[in-house]
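Colleague: Here is what each chain is made of, one letter per residue.
Protein chains: 2
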Amino acid sequence: MYRTHTNGELRASHIGQEVTLSGWIQKSRDKGFIIWADLRDRYGITQLVFDEERTPKKMMEQAAHLGREFVVQVKGKVIERESKNSNMATGDIEILVSEVIILNKSLTPPFTIEDETDGGEDLRMKYRYLDIRRNPVRENLIFRHKVSMAVRNYLSAEGFVDVETPYLIKSTPEGARDFVVPSRMNEGQFYALPQSPQTFKQLLMVGGLDKYFQIVKCFRDEDLRADRQPEFTQIDCEMAFIEQEDILNMFEGLTRHLLKEINGVEIGDFPRMQYDDAMAKYGNDKPDIRFGMEFGELNAVAQHKDFGVFNNAELVVGIAVPGGNSYTRKEIDKLIDWVKRPQVGALGMVYSRCNDDGSFKSSVDKFYDQDDLAKWAEVTGAKTGDLICILSGDTNKVRAQLSALRMELAERLGLRNPKEFAPLWVIDFPLLELDEETGHYHAMHHPFTSPKPGQIELLDTNPGDVKANAYDLVLNGNEIGGGSIRIHDKATQAIMLKHLGFSDEEARAQFGFLMDAFEYGAPPHGGLAFGLDRLVSILGGQETIRDFIAFPKNNRGRDVMIDAPAPLDQEQLNELNLQLNLKKND
Amino acid sequence: MYRTHTNGELRASHIGQEVTLSGWIQKSRDKGFIIWADLRDRYGITQLVFDEERTPKKMMEQAAHLGREFVVQVKGKVIERESKNSNMATGDIEILVSEVIILNKSLTPPFTIEDETDGGEDLRMKYRYLDIRRNPVRENLIFRHKVSMAVRNYLSAEGFVDVETPYLIKSTPEGARDFVVPSRMNEGQFYALPQSPQTFKQLLMVGGLDKYFQIVKCFRDEDLRADRQPEFTQIDCEMAFIEQEDILNMFEGLTRHLLKEINGVEIGDFPRMQYDDAMAKYGNDKPDIRFGMEFGELNAVAQHKDFGVFNNAELVVGIAVPGGNSYTRKEIDKLIDWVKRPQVGALGMVYSRCNDDGSFKSSVDKFYDQDDLAKWAEVTGAKTGDLICILSGDTNKVRAQLSALRMELAERLGLRNPKEFAPLWVIDFPLLELDEETGHYHAMHHPFTSPKPGQIELLDTNPGDVKANAYDLVLNGNEIGGGSIRIHDKATQAIMLKHLGFSDEEARAQFGFLMDAFEYGAPPHGGLAFGLDRLVSILGGQETIRDFIAFPKNNRGRDVMIDAPAPLDQEQLNELNLQLNLKKND
Chain A
6 MYRTHTNGEL RASHIGQEVT LSGWIQKSRD KGFIIWADLR DRYGITQLVF DEERTPKKMM
66 EQAAHLGREF VVQVKGKVIE RESKNSNMAT GDIEILVSEV IILNKSLTPP FTIEDETDGG
126 EDLRMKYRYL DIRRNPVREN LIFRHKVSMA VRNYLSAEGF VDVETPYLIK STPEGARDFV
186 VPSRMNEGQF YALPQSPQTF KQLLMVGGLD KYFQIVKCFR DEDLRADRQP EFTQIDCEMA
246 FIEQEDILNM FEGLTRHLLK EINGVEIGDF PRMQYDDAMA KYGNDKPDIR FGMEFGELNA
306 VAQHKDFGVF NNAELVVGIA VPGGNSYTRK EIDKLIDWVK RPQVGALGMV YSRCNDDGSF
366 KSSVDKFYDQ DDLAKWAEVT GAKTGDLICI LSGDTNKVRA QLSALRMELA ERLGLRNPKE
426 FAPLWVIDFP LLELDEETGH YHAMHHPFTS PKPGQIELLD TNPGDVKANA YDLVLNGNEI
486 GGGSIRIHDK ATQAIMLKHL GFSDEEARAQ FGFLMDAFEY GAPPHGGLAF GLDRLVSILG
546 GQETIRDFIA FPKNNRGRDV MIDAPAPLDQ EQLNELNLQL NLKKND
Chain B
6 MYRTHTNGEL RASHIGQEVT LSGWIQKSRD KGFIIWADLR DRYGITQLVF DEERTPKKMM
66 EQAAHLGREF VVQVKGKVIE RESKNSNMAT GDIEILVSEV IILNKSLTPP FTIEDETDGG
126 EDLRMKYRYL DIRRNPVREN LIFRHKVSMA VRNYLSAEGF VDVETPYLIK STPEGARDFV
186 VPSRMNEGQF YALPQSPQTF KQLLMVGGLD KYFQIVKCFR DEDLRADRQP EFTQIDCEMA
246 FIEQEDILNM FEGLTRHLLK EINGVEIGDF PRMQYDDAMA KYGNDKPDIR FGMEFGELNA
306 VAQHKDFGVF NNAELVVGIA VPGGNSYTRK EIDKLIDWVK RPQVGALGMV YSRCNDDGSF
366 KSSVDKFYDQ DDLAKWAEVT GAKTGDLICI LSGDTNKVRA QLSALRMELA ERLGLRNPKE
426 FAPLWVIDFP LLELDEETGH YHAMHHPFTS PKPGQIELLD TNPGDVKANA YDLVLNGNEI
486 GGGSIRIHDK ATQAIMLKHL GFSDEEARAQ FGFLMDAFEY GAPPHGGLAF GLDRLVSILG
546 GQETIRDFIA FPKNNRGRDV MIDAPAPLDQ EQLNELNLQL NLKKND
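So the protein lines, in turn, are chains A and B. Mapped onto our numbering, the consecutive letters of the first sequence carry residue numbers 6 to 591. Mapped onto our numbering, the consecutive letters of the second sequence carry residue numbers 6 to 591.
Be aware that a few hints might be false.
[Stated by the list, open to error] Chain A is nowhere near these chain B residues, computed Cβ spacing over 12 Å in every case:
(1) E85
(2) S103
(3) N289
(4) G444
(5) H447
(6) D470
[As the list claims (entries may be wrong)] The calculated lysine-lysine pairs, modelled on DSS-like cross-linking and capped at a C-alpha distance of 25 Å, are:
(7) A:K131 / A:K32
(8) B:K339 / B:K371
(9) A:K424 / A:K291
(10) A:K495 / B:K110
(11) B:K457 / A:K110
(12) B:K472 / B:K291
(13) A:K151 / B:K151
(14) A:K32 / B:K495
(15) B:K371 / B:K388
(16) B:K495 / A:K131
(17) B:K110 / A:K457
(18) B:K335 / B:K345
(19) B:K495 / A:K110
(20) A:K310 / A:K371
(21) A:K110 / B:K503
(22) B:K62 / B:K36
(23) B:K503 / B:K457
(24) B:K110 / A:K503
(25) A:K495 / B:K32
(26) B:K335 / B:K371
(27) A:K63 / A:K110
(28) A:K495 / B:K131
(29) A:K131 / A:K63
(30) A:K402 / A:K339
(31) B:K335 / B:K291
(32) A:K291 / A:K345
Since the hints were derived computationally from the structure, they do not count as laboratory data. Note that the structure is a prediction, hence the values are computed from the model and not measured. Cβ atoms here follow ideal geometry from the backbone N, Cα and C, with glycine treated the same way.
Start from the sequences and build out the full structure, keeping to the hints where you can.
Modeller: This is how it looks when you write it as structure tokens:
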């Protein structure tokens with residue numbers, strides 16, 4: 006037996022007991038006549054003491070040579086500590102060591118195993134097993150475990166059945182790129198790894214399973230942006246014999262439960278917002294509603310004056326920045342530079358100061374008088390002391406730009422409090438989305454999403470206007486879940502696939518099994534999937550998903566710790582009937 | 006809202022209530038003036054009634070046309086049933102229907118949706134979504150869910166942390182073949198899918214996580230035998246600062262908990278058996294100990310007579326078949342044919358009848374007298390009325406043959422009661438196993454398994470004799486789990502890899518990250534993995550894992566429902582820098 010207690014366990018009540026502890030040497034202090042060492046494990050830290058008077062000389066020497074991160078087992082007696090440390094759970098006691106066994110030595114770690122480490126991101130990823138020893142990383146992993154358990158127990162109690170769907174499935178040329186897996190036994194053929202278990206969960210509904218969930222890995226071979234992972238985890242759910250309202254209520258219940266269980270926060274009914282309203286008020290389909298700064302559309306009050314920039318714009322829209330009138334001219338110029346950065350892309354910014362005396366001072370006073378500016382303040386809800394920031398241009402672009410500015414300013418103003426939680430349903434998404442590059446429409450959610458009743462006829466004439474039975478759950482400006490009511494009849498599914506550009510043959514080859522299934526009594530059904538990585542990071546008050554993944558990949562999709570991916574040897578390639586066709590050799 | 010109640014819910018106490026139900030038409034009986042239809046969902050069946058007197062004519066017509074597996078929503082009143090059916094939970098009531106909405110029609114299903122279906126295996130796999138509607142399949146999936154939940158909650162309460170390890174990892178040329186995944190972003194390189202999260206769970210121990218578990222998919226590209234799947238599920242566990250005894254106790258606790266929670270069976274301490282004893286007594290490292298028929302080794306009492314077959318054999322070994330003396334000569338001849346089948350491979354079988362009068366009658370009476378045969382009975386534990394069956398030959402082969410015979414006879418004698426559970430630890434496995442084809446030793450468990458203390462020196466001289474800190478959990482003749490105490494220092498790991506034929510370079514390339522990790526304070530650790538598919542099927546009283554997998558693959562590794570794997574299009578191959586190198590085109 007390696008230990009009688011953990012290093013987080015001993016208290017004053019244990020004084021006098023003989024104990025055995027194991028763990029890592031966090032640090033030691035050697036004063037010659039007395040040596041203290043901190044012994045660490047997952048559960049805490051316990052102070053060991055060796056002193057000239059009570060410790061044999063040989064063991065004093067041994068103690069003097071215990072290096073950082075050595076793994077040791079010690080036996081000894083729990084004694085009262087002279088200088089108690091009320092910051093430590095075990096701070097009332099220490100262990101007078103009678104025996105030390107070195108279980109394993111350690112090289113000096115490449116970075117300090119402390120809450121605030123001196124290791125950079127790359128080094129910590131390469132030695133992730135050492136990074137995991139640090140409290141913040143370990144706590145994140147345990148936090149994730151708690152969220153997963155809470156999700157499973159909640160859904161299970163609600164009658165959902167956890168069903169494992171297969172990972173070796175079929176390539177479907179929609180959405181992102183698939184990762185594929187060559188089959189040795191089926192020459193020249195490939196499996197694909199699931200981008201989501203979408204079709205399988207629908208088939209489970211056709212199979213009468215009624216309520217399904219799974220916490221499941223999904224795979225997308227996308228060019229990685231910051232904070233995207235090629236493999237990620239979904240809480241995948243589906244229900245049959247339900248309407249949109251049932252789904253919203255069920256998963257609002259789950260989210261409320263998590264906020265209460267995990268964060269101790271009680272939230273009432275979640276607000277719901279139409280997609281069109283979210284875009285108009287926040288320029289974004291996942292608005293952060295922890296703070297105001299709602300958009301005010303100024304076309305009616307800012308156009309038809311002599312200011313050509315506004316007159317020629319499709320949309321003139323502004324926000325009131327609370328207390329922004331305190332910004333110096335230089336600060337405002339910097340803000341203008343910020344919106345002109347390529348990542349935001351605005352051509353410029355008009356502003357109007359709301360002075361303490363009720364007057365206004367704008368950057369376009371040549372074109373607008375005080376009455377005009379008062380109307381701007383009214384529309385944007387600006388108060389005395391605020392700064393009104395206005396962008397103009399094409400509706401979609403200018404909304405995205407102003408949304409970026411709104412989020413940046415909120416961040417700077419400290420309005421994005423990670424301990425505050427503001428969930429929101431965004432509903433009535435468009436069914437289709439125009440790809441401006443190709444001019445083609447593609448499914449905004451996925452090809453199995455049903456259009457709103459009676460709107461399918463619009464597909465031919467006004468495809469962009471068709472609304473879907475689709476909904477997203479937004480938390481603090483992040484989409485944490487999304488789903489839809491599905492199509493459950495073959496005819497509608499065929500129309501959808503046709504409008505998405507599938508030939509009959511392609512539709513048959515890719516989704517024939519699903520279309521067949523719809524002919525054998527498919528019930529009405531729908532569902533939702535949460536992004537677990539994102540959900541956990543937001544509940545944890547952080548925004549970087551990588552911090553909540555045990556072994557994340559970098560933004561080249563590499564695991565730098567194990568050095569994967571890696572070349573295959575020729576024999577393996579031969580067995581798989583493959584040869585490399587590298588671009589360099591073309 | 007599609008329903009106010011499920012179809013398993015209504016009782017006499019609901020009589021008089023107006024309800025809405027949804028589900029599938031299981032069957033209907035049309036007597037002209039009255040029509041009954043059974044409405045089915047996941048929860049049960051409720052009888053619908055339409056009759057001339059109370060049902061409008063139009064609806065009678067509608068009811069007459071409800072086909073099997075149509076999806077309908079009905080509204081109506083709960084009424085008392087005239088002829089109650091005590092076999093159905095809802096058998097006291099029926100629904101007098103006032104409104105029928107057909108939610109979806111159904112073609113006639115290719116097989117009957119009944120507990121005993123007329124559909125063959127292939128057809129049921131192709132239409133798995135219909136197969137899942139059948140009670141036995143659905144119940145198996147829900148049973149699996151219950152086992153998973155019980156496992157997770159037990160381990161979580163014991164302090165284990167569920168950590169998700171990556172799926173896109175590195176090819177390791179050991180054990181079975183890997184499935185690989187070409188990387189588009191890292192040209193010419195491949196990920197591998199995990200055969201198990203072995204190295205990652207060890208790194209989590211190095212990372213101080215102490216107790217880890219995960220229910221996780223694993224992948225092996227093996228030539229599929231019956232009842233093997235290319236993807237399968239493991240309950241994967243690892244602990245640090247533990248000895249073998251701690252692991253055995255912990256997972257004995259888990260298994261005992263499952264048997265109690267899931268099967269209502271209380272089991273005391275699990276017996277433990279040395280690998281060598283299991284092989285000697287049962288010819289098998291996963292003995293079914295629900296029944297006796299232990300091996301009796303007869304060399305001492307059967308050799309050195311004039312019977313050359315026995316004299317020339319390395320091992321002469323027999324079992325007593327309870328009541329086997331009742332077999333006719335013809336039946337015994339059939340048994341001899343059975344052991345001579347290529348799958349078993351014996352050259353013949355000697356037998357001795359234990360007559361009621363205490364005398365013996367053997368097939369080799371020419372060589373052995375009654376005293377000799379009495380000794381055989383003593384050694385095999387045969388009693389009056391039994392039949393002693395004896396095989397002889399090379400030790401390993403003859404043990405396997407007699408083990409097959411023992412299991413076959415037990416099956417025929419009804420001794421393998423699926424409701425009886427007999428768990429067993431098999432311990433002290435050999436570290437290495439000789440591959441008779443290549444003459445090389447390979448790791449019996451895996452290359453990370455530690456040898457018994459003090460035995461590592463034997464590796465050079467008697468590699469086959471080295472025992473490992475390795476153990477299997479056996480239930481009813483099936484290995485349901487296995488694990489080991491791991492090597493946790495770099496030097497020992499290097500020696501092991503060398504003995505397994507890895508050059509320093511290969512060891513470095515494949516396992517360098519793990520060896521590095523061992524240099525930074527790796528704690529003693531070990532673990533175990535359960536095969537969830539197998540565990541669930543045995544707890545469920547069945548032996549076919551396919552019945553407990555939602556969407557299994559056939560023994561060509563194909564999913565016949567979605568028709569995967571499938572060819573990739575050229576564009577995808579190009580993006581992956583691959584070209585096919587099919588054998589046909591060579």
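Colleague: A separate judgement is required for each hint: does it hold in the structure or not?
Modeller: Taking the hints in turn, this is what the structure says about them:
Distance to chain A confirms E85 of chain B as a non-interface residue, since its nearest Cβ pair spans about 26 Å, more than 12 Å. Once the 12 Å rule is applied to beta carbons, S103 of chain B is consistent with being away from chain A; the minimum gap is 19 Å. Distance check for N289 of chain B against chain A: the nearest CB is about 29 Å away, which clears 12 Å, and the non-interface claim stands. Distance check for G444 of chain B against chain A: the nearest CB is about 20 Å away, which clears 12 Å, and the non-interface claim stands.
For H447 of chain B, the shortest C-beta to C-beta distance to chain A comes to about 17 Å, beyond the 12 Å cut-off, and the non-interface label holds. Non-interface call for D470 of chain B relative to chain A: holds, since the shortest CB-CB distance, roughly 27 Å, exceeds 12 Å. For the given pair, K131 of chain A sits about 23 Å from K32 of chain A by alpha-carbon distance, which is consistent with the 25 Å threshold. For a cut-off of 25 Å, the pair hint linking K339 of chain B to K371 of chain B stands: about 22 Å separates their Cα positions.
For a cut-off of 25 Å, the pair hint linking K424 of chain A to K291 of chain A stands: about 18 Å separates their Cα positions. Of the supplied pair hints, the one linking K495 of chain A and K110 of chain B holds, its CA atoms being roughly 11 Å apart against a limit of 25 Å. Of the pairs offered as hints, the one joining K457 of chain B and K110 of chain A holds, with about 21 Å between alpha carbons and a cut-off of 25 Å not exceeded. Simply put, K472 of chain B and K291 of chain B have alpha-carbon atoms about 17 Å apart, close enough for the 25 Å limit, and the pair holds.
Under the criterion of a C-alpha separation no larger than 25 Å, the hint pairing K151 of chain A with K151 of chain B is consistent with the structure, at around 19 Å. Between K32 of chain A and K495 of chain B, the direct Cα distance comes to roughly 24 Å. Compliance with the 25 Å bound is thereby established for this hinted pair. Between K371 of chain B and K388 of chain B the CA atoms are separated by roughly 22 Å; this keeps the pair inside 25 Å, and the hint holds. Note on K495 of chain B and K131 of chain A: the hinted pairing holds, with a Cα-Cα distance of about 18 Å set against a maximum of 25 Å.
Between K110 of chain B and K457 of chain A the CA atoms are separated by roughly 21 Å; this keeps the pair inside 25 Å, and the hint holds. Restraint check for K335 of chain B and K345 of chain B: satisfied, since their Cα atoms lie roughly 15 Å apart, inside the 25 Å limit. At roughly 11 Å between alpha-carbon atoms, K495 of chain B and K110 of chain A fall within 25 Å of each other, so this suggested pair holds. Under the criterion of a C-alpha separation no larger than 25 Å, the hint pairing K310 of chain A with K371 of chain A is consistent with the structure, at around 10 Å.
The hinted pair formed by K110 of chain A and K503 of chain B meets the criterion: a straight-line CA distance of about 23 Å does not exceed 25 Å. A threshold of 25 Å between alpha carbons decides the hint, and for K62 of chain B with K36 of chain B the separation of about 14 Å falls inside it, so the pair holds. A threshold of 25 Å between alpha carbons decides the hint, and for K503 of chain B with K457 of chain B the separation of about 18 Å falls inside it, so the pair holds. Between K110 of chain B and K503 of chain A the CA atoms are separated by roughly 23 Å; this keeps the pair inside 25 Å, and the hint holds.
Straight-line distance between C-alpha atoms of K495 of chain A and K32 of chain B comes to about 24 Å, which keeps the hinted pair within the 25 Å bound. Between K335 of chain B and K371 of chain B the CA atoms are separated by roughly 21 Å; this keeps the pair inside 25 Å, and the hint holds. A hinted pair counts as satisfied when its Cα atoms are at most 25 Å apart, and K63 of chain A with K110 of chain A qualifies at roughly 18 Å. The suggested pairing of K495 of chain A with K131 of chain B holds, with an alpha-carbon distance near 18 Å, which does not exceed 25 Å.
Using a Cα cut-off of 25 Å, the hinted pair K131 of chain A and K63 of chain A is violated, with the two alpha carbons roughly 38 Å apart. Under the criterion of a C-alpha separation no larger than 25 Å, the hint pairing K402 of chain A with K339 of chain A is consistent with the structure, at around 21 Å. Straight-line distance between C-alpha atoms of K335 of chain B and K291 of chain B comes to about 32 Å, which puts the hinted pair past the 25 Å bound. Distance check on the hinted pair: K291 of chain A and K345 of chain A sit about 23 Å apart at the alpha-carbon level, within 25 Å; holds.
Consistency with the previously given hints fails for numbers 29 and 31, ordered from lowest to highest.
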